[in-house]
Amino acid sequence: MRLNRLTIYGFGQFHDRTFDLRPGLTVFLGANEAGKSTLTQFISAILFGFPTKKHPTLRYEPLDGSRFGGEISFTQDGQDYLVTRVDGPHGGKVTLHNVTSGLKLPATSLSHLLAPMDATLFQQVYAINEPRLAAVFATSKRELVDHLRHVGAVGSDFWLAQASQLDEAANARYKPQGRNPELNRWLLDYRELRAKLERANAAYPKYWELLDQRQQLTQEQATLRATLQAARQRVTTSEQRLAKWPIYQQWRALTTADVPVTTGFDPQDAATLEHLVNQKKVTQESLNHDQQELTTQRQAAQLTPLFQHYLETTDQLASTLAGIPDTLVAAHTVEQARSQQADLEERAGNLERQYAHQGQMPQAFSLATLQEVTQLREELTTANQKRRRLQQNLNDLNEQFRQQQPSRQQRRNPLADKQIGWLAAGLIVLIGSLFLPSAFLKLGGALVGVAVGYYGAFIVSSGTPASQQTDELEAEIRDLQAQLREGTGATTELTNRLDAIGESHGMADVPLAEWATAQGAIAEWERLTRQLEVVTTDLQAAQQAVTDFQKKVGAILPELGDRDLQDQVNQLMDLQRQQQRLATRDSDLSALSERVKRDHTSLEQATKAVMTFLQTRNVPDSQAFYQQYHAVQERDQRQQRRADLAHQLGESDLAALKGVANEAALQATFAQDKQQLTAIQAQIDSGNKRLATLAGQIDQLTASGTQAMLRQKLADLETRMIATTQRWLVDRLASQWIEAALAAASSDRLPQIVAKASEFYGKLTENRYTEIELTETTLRVRRQDGEWRTVSQLSRGTAEQLDFAVKLAFAIVMTQQVQMPVVIDDGLVNFDVQRRHQAYRLLNEISRDTQVILLTADTAIAADIDEQQISQLVD
Amino acid sequence: MKFIHAADLHLDSPFLGLQDLPTSLLTQIRESTFTAATRVFDRALAEQVDFVLLAGDLFDRAEQSVAAQAYLIEQFDRLNQAKIPVVVGFGNHDYLADQHLSITYPDNVTVMGPQVTTVTLNLRDGQTVAISGFSYDQRWVTHDPLAAFPEHAETDWHLGMLHGAVATGSGDHYAPFTVAELLAKRYDYWALGHIHQRQFLNENPPILYAGNTQGRDRTETGERGAYLVTSQDHRLVPVFFPTSALVWTNPALTIETPNPTLAEISDQLATWLTQNFAATPELVVPTLALSKSLSAADQAQMANGDWLALFQRTHRRTMQTAQRVVVAVRWKLPVATAETPQLDTRYWATSADQIFTPGNLQDLFGKLVQEPALAEWFADPTTAPELREGAAKLLAALAGEEDDHAS
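Going down the list, the protein sequences come from chains A and B.
Residue 24 in the numbering used here sits at position 24 of the first sequence, and the numbers go up by one each step.
Residue 1185 in the numbering used here sits at position 310 of the second sequence, and the numbers go up by one each step.
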């Protein structure tokens, strides 16, 4: 950058002044208070801004009240610019024009245009004045490096900008002391989340605690349930015992009535006694019986009158007795015959009622009559049949005739007379033959009669000539009529004869058709009548035999006389048997007496046995025995009953009940057990309720996803935090990296500057000092003789010359990067004359590379500098 | 004989490395460890196995999860009703610290004690099997437990159950052992737990880690499950069966455009999703291979998760159809990209060595070290290189902009 002109509107003591500047060295001569420092300050103020009103001495506001500010025209990169700054906020109001292009530029572009130069760099390096040179003692490498870095390497403005952007971005992410940056906020969130998770994690021990509780409770419940079971059992037992109390009472009652045990009264003993008594009784009975028998037999020894009578008449009776069987048979026959007789009479009576005529049975036909009747009936039948046939023929012929001669009167058959004659002859023969004595003759006669009739009726008539059909027919009819009349006559004859026969035999009432049956019945009746006669005869004979027998018995034994036959027979038989028994009686009696004697002995023994039996049991009689026996029986029964009751009670219950004083105690136990049961049940119920509550709590803990959610949130937040931290670190590191790289590049120029400074310092000190060494902390110089001197060992002037040399060297070396005029404001006051001249020459020399503005009160400068380069500050 | 060997159920443990996911997916994720474990127990019931071996880390004690405990009790009860014994040896995450568990678990569950114990089971087919193992009684078991394991018993089979890792020689906290020691016991099977990636340490007799039943962060990729082991001719043959409710995958996608933008990345990712359907729901963390660094603004969007959230919103249907949810994205640049043409490269290199020192990192990290979650991450050995890589990516993006700016 090259400054061309300074135009001051009002600044310090200047107002409306213009200073033109040369491209190389411009010297402004002015005495003290001519405004040398004001001009330096003006350049800094217009380019970099007015100092704030806090430092009024540095502002140089015009004393005469003229307009504060001014303008500078300068050339940068071949372009001419004009910058104007007047009073305003933030360092003054700036206008910037590109004069070359005639464009007005935004005020902010001024700093870009000037970069990397800024007020600080300008004040520290380019604006050289006496007090600042005096500060050389503080100069160190670090400071210099800072200046260098500030000026920068190629493109360092870009990189510096990037670095500052990165720092900004990093600060937006995280500030160690901040609250708002992303990571700071997240760290807070993280702590909160952690705390939340800690709280959620409290569920974990709680969960185990609940599980433990549940486990314990479950075990307790199991124990309780077992207890409950036992209690329930006890209640049941108590209840049962209570129910058994009445039984127990019965059992106890049975116990108190205990009877001493006596032997010999078993049922077996009773059976033995019974047996013995029975034996005695039986013996007694048999004795009695035998004695009675004996008495009976003794009585039977005195015979009845009948038997005595019987014995007297035994001889007479012998034949009678022998006839008993026959008589019995006869008696039997009588009976049989009587019934037969009645039967026959009845049957005959029946027939009589059926067929009898006026109390008279019809007579049976003789064989001849029978034959005659049969024959007559057959003949009658034949004659009737024949007549019907003739009548039929006659009807047919009449019809025929009517058909032939419907109008003609029926004529008499001339032939009929002749035929009737023949027929009558045959009939006469026939009937006449019937009166012949022999059957054969009758038959022969009949045949002859028939033959005669036939001849007359048919042979003769057929021989009759029949010339015409009608005549024939008429003849035929007449013939037939004759035959019919003949047949009717025969029939009547036969009927009459049959009636005659019926009259004679009393069969008038019987129709002809039943004659045959009637004949059978008549024959039967006759047979029955004959049989009746025979039976009656037999009956009379048998009756006679019985009567005879009875008469005989009555004669011999009048006692039996009026008895009936059966009784008589029985008595007789009895008597007979009695007679036989009488023979054996004597031996029987003695045997009986013997038996009675034996019976007595037996009875005695039996009685004794009973007595012995009773005595051994110490009872007077069997009644006493039975009394005792029943007592024993009863006792046994009681014992049995008691055993039954004991069984019913059960061994354990019985034992338990024995220990119980009374029912009330039992009731009390029962109530107590029941109460206990209820208590345990209540305990279990409450346990179950608690278990359910626990299960609910456990479920709730299990189901809650809070923990997992928080953990995942934390993990995610960690991920985010790490990512942000990483980006933050990367930004910071990149920024650091940029600065370090810039520093590295800058410190590379340091040797150049040191070399240049050494050269300038040599020139200024007329080669008294030849070399400058710049270390991390110190700056020292080598004298011509090779001695090293630190800054503090140098004289004030020499030290100022060292700083002057370094600053000029920096400006020259950095001209590649920064082109900024060096403004020297009376900076050489401590230089001696010789060195001041050296300095002027050096400035003139370097002004070929960079613009130099020298403000001085030293007029001696004219010796070293061309006149046209020098301007007077005050007009 | 038939049994199931499972380990590392890690019930109710949160999934790591997730943020801003849809609620439905979060629910699925939260239940996934349970779902996976249920599949193990379902299989045990379906196969009517003789017993189930659980080789540790069933749950994370530090999580103090009621849900995990309630779940285990319930599932053990299911097996109890089917008369299937369960043998449990707790590991470093679920170490035996109190006596709650053994009391509360049903009768079919045998929890190994802190000393090596041998359980003998009589199987339905009349065979006998001895199972030796132990439970951790604290977070670490630093000694080799193998000496305490008995020789092969007189039973038909002898199985070992061990939660631990092969000895490395130093810093072994998890029952360090060697395969040779296991082989020397002449057991028929070693059921191992602790390592989440299933693997065989020996083929015959089988010595293997069942792996975890459900992957829980992006590094636990692929199907997870357990082993169904059956006896075949005097040998035990383990067969893997998957149980994961969700599978993590890290597919690599190359974005070939010269100046990749977020829109292009979205498009390519969407295309990839429509072309690749998953059988089991997947949580996808794709690694994008970029030809050039993203712009700083894009990088910022990518890094702060805005882009991912947008992608998840706009491609929900696509992801649903594919059964894949993109839960994070990582990207890779070609090597040696952090160049600054105008500022000398050596300045960057030398200054990097000054900046990326543990001391400087620690200074920067400052009092954040008091946050345990962050401190743990910071202490991770991969963190420092990641930070350096991140800064390099950022500067590369800025350098690109400087180029644009300069030209």
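One or more of the hints may lead you astray.
Stated by the list, open to error - Okay, the calculated bits of chain B under chain A, using three or more residues with CB under 8 Å as the criterion:
{"no.": "1", "region": "932-946"}
{"no.": "2", "region": "1126-1140"}
{"no.": "3", "region": "1228-1241"}
{"no.": "4", "region": "1246-1254"}
As the list claims (entries may be wrong) - Computed from the model, here is a short list of chain B residues facing chain A with C-beta under 7 Å:
{"no.": "5", "residue": "905"}
{"no.": "6", "residue": "920"}
{"no.": "7", "residue": "994"}
{"no.": "8", "residue": "1266"}
Keep in mind the hints are simulated off the structure, nothing from the lab.
Please read all numbers here as calculations on a predicted model, not as lab measurements.
C-beta atoms are modelled at their ideal positions from N, C-alpha and C, and glycine is treated no differently.
Hint check:
1. 932-946: It holds, with 7 qualifying residues against the three required.
2. 1126-1140: Violated, because only 0 residues of the region 1126-1140 of chain B bring their Cβ atoms closer than 8 Å to Cβ atoms of chain A.
3. 1228-1241: holds (count 8)
4. 1246-1254: holds (count 5)
5. 905: This interface hint holds because 5 Å falls under the 7 Å limit.
6. 920: Violated, about 22 Å.
7. 994: violated (23 Å)
8. 1266: holds (4 Å)
This entry does not satisfy hints 2, 6, 7, going by the numbered hints stated previously.
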